[in-house]
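Chains as they are written, first to last, in our numbering: chain A, 1 to 132; chain B, 1 to 132; chain C, 1 to 132; chain D, 1 to 132; chain E, 1 to 132; chain F, 1 to 132.
Heads up, some of the hints might be wrong.
[Unchecked claim] Every beta carbon over 12 Å from chain E, so not counted as near; a handful from chain F, in silico:
1. SER3
2. VAL19
3. PHE21
4. THR37
5. ARG40
6. GLU42
7. ARG65
8. GLY102
9. GLU120
10. ALA124
11. ILE132
[Unchecked claim] Cut-off 30 Å, straight-line C-alpha distance, at most; resulting in silico cross-link-like pairs (DSBU-like, lysine-lysine):
12. A:LYS60 with E:LYS60
13. B:LYS60 with C:LYS60
14. D:LYS60 with F:LYS60
Everything labelled a hint here was simulated from the structure, so no lab data went into it.
Computed from a prediction, not measured in an experiment: that's the story for all the values here.
Backbone N, C-alpha and C define an ideal beta-carbon position, used for all residues, glycine too.
Protein chains: 6
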Amino acid sequence: MFSLTVRDHFMIAHSFTGVIFGPAQQTHGATYVVDVTFMRAELDADDLVVDIGLASAGVKHELARLNMRNLDEAEEFAGRNTTTEFLARVIFDRLQAAIRSGDLGDSAQGLAAMRVTLAESHIAWASYEGDI
Amino acid sequence: MFSLTVRDHFMIAHSFTGVIFGPAQQTHGATYVVDVTFMRAELDADDLVVDIGLASAGVKHELARLNMRNLDEAEEFAGRNTTTEFLARVIFDRLQAAIRSGDLGDSAQGLAAMRVTLAESHIAWASYEGDI
Amino acid sequence: MFSLTVRDHFMIAHSFTGVIFGPAQQTHGATYVVDVTFMRAELDADDLVVDIGLASAGVKHELARLNMRNLDEAEEFAGRNTTTEFLARVIFDRLQAAIRSGDLGDSAQGLAAMRVTLAESHIAWASYEGDI
Amino acid sequence: MFSLTVRDHFMIAHSFTGVIFGPAQQTHGATYVVDVTFMRAELDADDLVVDIGLASAGVKHELARLNMRNLDEAEEFAGRNTTTEFLARVIFDRLQAAIRSGDLGDSAQGLAAMRVTLAESHIAWASYEGDI
Amino acid sequence: MFSLTVRDHFMIAHSFTGVIFGPAQQTHGATYVVDVTFMRAELDADDLVVDIGLASAGVKHELARLNMRNLDEAEEFAGRNTTTEFLARVIFDRLQAAIRSGDLGDSAQGLAAMRVTLAESHIAWASYEGDI
Amino acid sequence: MFSLTVRDHFMIAHSFTGVIFGPAQQTHGATYVVDVTFMRAELDADDLVVDIGLASAGVKHELARLNMRNLDEAEEFAGRNTTTEFLARVIFDRLQAAIRSGDLGDSAQGLAAMRVTLAESHIAWASYEGDI
Chain A
1 MFSLTVRDHF MIAHSFTGVI FGPAQQTHGA TYVVDVTFMR AELDADDLVV
51 DIGLASAGVK HELARLNMRN LDEAEEFAGR NTTTEFLARV IFDRLQAAIR
101 SGDLGDSAQG LAAMRVTLAE SHIAWASYEG DI
Chain B
1 MFSLTVRDHF MIAHSFTGVI FGPAQQTHGA TYVVDVTFMR AELDADDLVV
51 DIGLASAGVK HELARLNMRN LDEAEEFAGR NTTTEFLARV IFDRLQAAIR
101 SGDLGDSAQG LAAMRVTLAE SHIAWASYEG DI
Chain C
1 MFSLTVRDHF MIAHSFTGVI FGPAQQTHGA TYVVDVTFMR AELDADDLVV
51 DIGLASAGVK HELARLNMRN LDEAEEFAGR NTTTEFLARV IFDRLQAAIR
101 SGDLGDSAQG LAAMRVTLAE SHIAWASYEG DI
Chain D
1 MFSLTVRDHF MIAHSFTGVI FGPAQQTHGA TYVVDVTFMR AELDADDLVV
51 DIGLASAGVK HELARLNMRN LDEAEEFAGR NTTTEFLARV IFDRLQAAIR
101 SGDLGDSAQG LAAMRVTLAE SHIAWASYEG DI
Chain E
1 MFSLTVRDHF MIAHSFTGVI FGPAQQTHGA TYVVDVTFMR AELDADDLVV
51 DIGLASAGVK HELARLNMRN LDEAEEFAGR NTTTEFLARV IFDRLQAAIR
101 SGDLGDSAQG LAAMRVTLAE SHIAWASYEG DI
Chain F
1 MFSLTVRDHF MIAHSFTGVI FGPAQQTHGA TYVVDVTFMR AELDADDLVV
51 DIGLASAGVK HELARLNMRN LDEAEEFAGR NTTTEFLARV IFDRLQAAIR
101 SGDLGDSAQG LAAMRVTLAE SHIAWASYEG DI
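Produce the complete structure using the sequences and hints provided.
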């Protein structure tokens with residue numbers, strides 16, 4: 001299996017609901033350093049996993065939808081805790097849709113799987129991985 | 001599959017038995033930077049893989065049992081080489097027991113797998129991964 | 001000149017005032033990975049720059065005063081932009097006071113200078129350095 | 001599953017063929033930081049995944065065949081784009097052959113799989129993983 | 001003293017002249033991960049060292065002049081070895097000129113010094129630092 | 001001022017004397033990742049700070065004198081605590097002598113200063129810097 005990973009980041013405010021979160025129930029924030037890994041069994045005709053230019057632009061586009069926001073005000077996340085692992089899944093789902101709609105190029109239709117990892121600090125990160 | 005990783009470290013002395021180890025047959029030591037990755041198929045009711053506070057405390061507790069020791073004097077490792085890969089398995093087994101006994105919280109009973117990675121330097125690391 | 005550095009982190013929400021900040025005028029947030037470097041010309045009687053246990057605890061104490069907060073609600077920063085470089089100076093000043101009041105141990109009175117670096121992402125960081 | 005990873009690097013010049021590569025169609029170059037991960041189900045009699053000395057030397061030997069070269073002049077890659085993902089596979093295949101021929105020691109015959117990752121920058125890397 | 005650092009990268013081919021360079025006399029290449037540190041004694045009216053948007057764009061503009069090129073064909077470097085340390089100085093000089101001509105904003109006129117660091121691998125990097 | 005840095009590592013066992021060290025009074029160990037920074041005002045005739053081959057070999061030679069040892073048995077450190085900051089100075093002094101005796105090449109006589117940094121973990125490091 002081949003893979004290609006690109007890294008970018010976004011910065012948001014949010015708070016969590018539930019005693020388990022302790023002080024993180026207060027409004028705080030995070031920088032998420034995001035690694036998106038694209039996977040496929042064989043390279044395409046250009047010897048690529050995916051067009052890295054389109055892939056980087058696609059990731060940046062999805063992160064821009066979250067960047068510089070207070071996620072507590074995001075209607076699409078109402079009733080959910082926007083934890084690191086939850087956001088990894090959100091970005092996975094949105095990138096999966098972008099791939100299927102052709103935004104990452106024709107060759108990206110040959111991708112088999114993807115993993116989205118969000119690092120919230122130098123000592124904690126979370127990911128979601130699934131088939132495309 | 002979702003995952004959450006936390007990082008911590010411990011520092012020990014030891015020596016190895018066997019010509020294959022060359023100068024590492026002498027008493028020396030290592031800092032091990034430890035990444036523990038918890039995995040599960042679906043998030044729990046709080047949108048979490050595991051309570052990161054309990055997970056971090058659980059990892060710290062297990063590493064404290066090894067930290068600041070000369071492992072050559074540890075009876076539980078008699079007759080074994082405490083290599084990086086061997087210690088990854090030791091920590092895996094101990095954390096697996098802690099999870100099963102409830103030390104990482106009720107939700108941790110839903111964990112599917114775990115990977116323990118020990119970096120011994122900027123150019124070498126080892127891991128053990130298995131189902132829980 | 002000798003130095004010792006310890007690393008920790010904190011997570012906050014805030015917003016900035018001024019057209020120059022663009023979308024960062026909205027409420028967002030950041031993880032700051034903090035490196036505090038203590039400097040002195042000669043080691044103390046224990047061959048140390050500073051007691052690393054007290055230094056780490058002192059840094060953690062100061063970061064806890066900022067951690068998990070919305071800095072827009074902090075009266076002490078009213079009228080200022082809590083930029084990365086501004087916060088580096090805030091933490092420097094507070095740690096300097098802690099050192100002078102003896103919180104980092106007697107030997108810390110021999111420190112000559114300090115640098116506080118805050119990384120806001122994998123591609124941007126800021127610092128403040130000064131004499132103690 | 002156990003794993004052991006060693007890191008090394010090599011530096012090459014090359015150019016790519018195809019409009020999709022944009023300015024990378026010009027002669028340019030890259031430093032590739034290479035992580036080779038060896039995997040097996042059980043440790044060998046020395047409590048090792050593989051002899052790290054032989055493994056490091058084997059990786060260095062293969063990278064030396066590529067290091068300090070202009071890959072556009074390499075006959076073995078004629079008609080191919082020497083992308084990061086393509087080179088990960090090349091190194092995988094060569095190390096697989098080295099393992100099978102005994103260059104990494106007798107115990108290395110027990111390896112089950114291998115992953116070769118090449119980082120081309122702080123924001124992009126690629127890998128190839130397969131059974132041995 | 002305050003500082004702000006931004007990170008970016010560029011990829012080039014080149015060769016060196018002189019027996020001291022050994023195999024690096026052949027055409028090869030490098031990825032340079034570039035950290036540019038801007039320094040000043042006091043923050044500006046916005047609590048900034050420099051407008052990070054303009055600074056990042058200014059760095060990217062200068063790196064784009066080098067990126068994806070074979071530096072052996074660059075007339076401006078004729079007769080010189082484009083070593084990591086040499087290139088750090090080239091980028092310093094060009095950014096200094098950009099700052100003086102106002103490309104990084106009015107506030108950048110208050111910068112006191114700058115350091116440009118180029119990492120050529122995970123085990124080697126070079127820098128040039130000077131007053132502005 | 002120009003600088004060039006090379007990275008390497010060594011692994012040792014030791015213990016400390018003094019109540020301030022707590023559990024580190026027991027025999028334990030550390031991996032030290034070592035960064036040696038060479039500084040000079042102007043590049044040499046080859047556009048270099050120092051011959052990186054000789055510099056890397058010189059650093060490796062000095063680290064080999066410490067690597068894979070129990071420093072409690074080293075006569076040259078009797079009566080001292082081999083803390084991270086103390087070892088940074090030891091390596092500085094030894095490399096300074098090597099430079100003065102010509103081991104890093106004739107051009108190295110033009111070096112102005114040097115900094116030796118030892119990272120003992122992902123959250124703590126120490127350095128010694130001085131003129132040559």
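Hints, verified against the model:
{"no.": "1", "hint": "SER3", "verdict": "violated (5 Å)"}
{"no.": "2", "hint": "VAL19", "verdict": "holds (37 Å)"}
{"no.": "3", "hint": "PHE21", "verdict": "holds (31 Å)"}
{"no.": "4", "hint": "THR37", "verdict": "violated (9 Å)"}
{"no.": "5", "hint": "ARG40", "verdict": "violated (9 Å)"}
{"no.": "6", "hint": "GLU42", "verdict": "violated (10 Å)"}
{"no.": "7", "hint": "ARG65", "verdict": "holds (20 Å)"}
{"no.": "8", "hint": "GLY102", "verdict": "holds (15 Å)"}
{"no.": "9", "hint": "GLU120", "verdict": "holds (18 Å)"}
{"no.": "10", "hint": "ALA124", "verdict": "holds (20 Å)"}
{"no.": "11", "hint": "ILE132", "verdict": "holds (17 Å)"}
{"no.": "12", "hint": "A:LYS60 with E:LYS60", "verdict": "holds (17 Å)"}
{"no.": "13", "hint": "B:LYS60 with C:LYS60", "verdict": "holds (17 Å)"}
{"no.": "14", "hint": "D:LYS60 with F:LYS60", "verdict": "holds (17 Å)"}
Consistency with the previously given hints fails for numbers 1, 4, 5, 6, ordered from lowest to highest.
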